[in-house]
Amino acid sequence: LARLVAQALAELPEPLRLVLVLHHYEGMNFEGIARLTGTPASTLKSRWAVALRRLRDRLRAWEPDQENA
Amino acid sequence: MNCSQVTDQLPAFLDGDLPPGEAAQLEDHLKACPACRREQAALRQVQRLLDAVPTPRVEVDLSRLYQQAAALQQRRLRRWRRGAYAGFGLAAAVLLLAVGLRLEVRLEGHQAVLRWGTPPVAAPTPAPTVPEPPVQLVAISDAQLRVVRELIHALAKDVNARALAEDVQARDEWQRQRIAHLQDQLNRLQWQTDRRLTAAEQDVSALYRYEFVLSKKGATP
Numbered sequence: 001l002a003r004l005v006a007q008a009l010a011e012l013p014e015p016l017r018l019v020l021v022l023h024h025y026e027g028m029n030f031e032g033i034a035r036l037t038g039t040p041a042s043t044l045k046s047r048w049a050v051a052l053r054r055l056r057d058r059l060r061a062w063e064p065d066q067e068n069a
Numbered sequence: 070m071n072c073s074q075v076t077d078q079l080p081a082f083l084d085g086d087l088p089p090g091e092a093a094q095l096e097d098h099l100k101a102c103p104a105c106r107r108e109q110a111a112l113r114q115v116q117r118l119l120d121a122v123p124t125p126r127v128e129v130d131l132s133r134l135y136q137q138a139a140a141l142q143q144r145r146l147r148r149w150r151r152g153a154y155a156g157f158g159l160a161a162a163v164l165l166l167a168v169g170l171r172l173e174v175r176l177e178g179h180q181a182v183l184r185w186g187t188p189p190v191a192a193p194t195p196a197p198t199v200p201e202p203p204v205q206l207v208a209i210s211d212a213q214l215r216v217v218r219e220l221i222h223a224l225a226k227d228v229n230a231r232a233l234a235e236d237v238q239a240r241d242e243w244q245r246q247r248i249a250h251l252q253d254q255l256n257r258l259q260w261q262t263d264r265r266l267t268a269a270e271q272d273v274s275a276l277y278r279y280e281f282v283l284s285k286k287g288a289t290p
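Note that the protein sequences, when read in sequence, are chains A and B.
1 is the number of the first residue of the first sequence in the numbering used here; add one for each residue after it.
70 is the number of the first residue of the second sequence in the numbering used here; add one for each residue after it.
Excised from the complex, chain A in its bound form (with noise of 0.2 Å):
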């Protein structure tokens, strides 16, 4: 499981998983990312809303299998 998440990490457009690691991971907020960045935080958290979505719908797309295997 933990390999399929970092797989759909890893297939992430850099922007989008930048964004993802720095909110989620490192438990950052918006304003901070964008003093780090320069990129405004409306963008950024459109970004982490778009990082979202694409996770669900790769992970959607494996969790029948697990279910199967």
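Just so you know, these hints were derived from the structure itself, not from any lab.
No false leads were slipped in.
So, partial list: chain B residues that the calculated Cβ filter (under 8 Å) puts toward chain A: (1) Pro80; (2) Ala111; (3) Val115; (4) Ala138; (5) Leu141.
Listed next, with one range per pair, are the computed distances between beta-carbon atoms: (6) B:Arg107 with A:Glu31: 28 to 34 Å; (7) A:Asp57 with B:Ala139: 34 to 40 Å; (8) A:Gly27 with B:Ala139: 19 to 25 Å; (9) B:Gln114 with A:Ser42: 22 to 28 Å; (10) A:Gly38 with B:Gln74: 26 to 32 Å; (11) A:Ala6 with B:Ala160: 57 to 63 Å; (12) A:Ser46 with B:Gln180: 56 to 62 Å.
Beta carbons are placed, not taken as given, at the ideal position from N, Cα and C, and that holds for glycine.
Fit chain B to the given chain A structure using the hints.
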């Protein structure tokens, strides 16, 4: 709030990042809409999955990001410092003009008035019968101001040149005195040497006389 709006806001809602009013509206919609509830559950599931795995290794160069942020901060600081220097310079120039030329800038009616020089001293007890002479106001143009400035510069140069000339004269005088003094000392030395030479010549001739003239005659010195 419709389904599309709710879908857009769900990630922020799950983060607790929505204003209370919007969050309440979204919750109302969720109660009534099974599709959006499924979307919410799916996103929660994604977050749980992310929580379930350790921080994955991703190619994010954090040190580069921190360096970029530091460089940005430095650029801002430098810009601010440059602005501050410029401001101080301007203030100093204005102060110098105001203090050095006793400049007074004033807006009166429809004209700008520029005046320089010592301000008129207010008489402590003005005579009640004699009205004070009106203050002379001169409205001058940029060209006139430039002429005045050049005049001041020329005067300053002249003063400098005179000071330099006086300095040279004083130095010449001092050197002349020093040369005279040295000449004097030299003369004295010459005189002393001459005297010693004369004395030595006398001694030599006396010895000579004793050795070669008087001793042959058997006399004692």
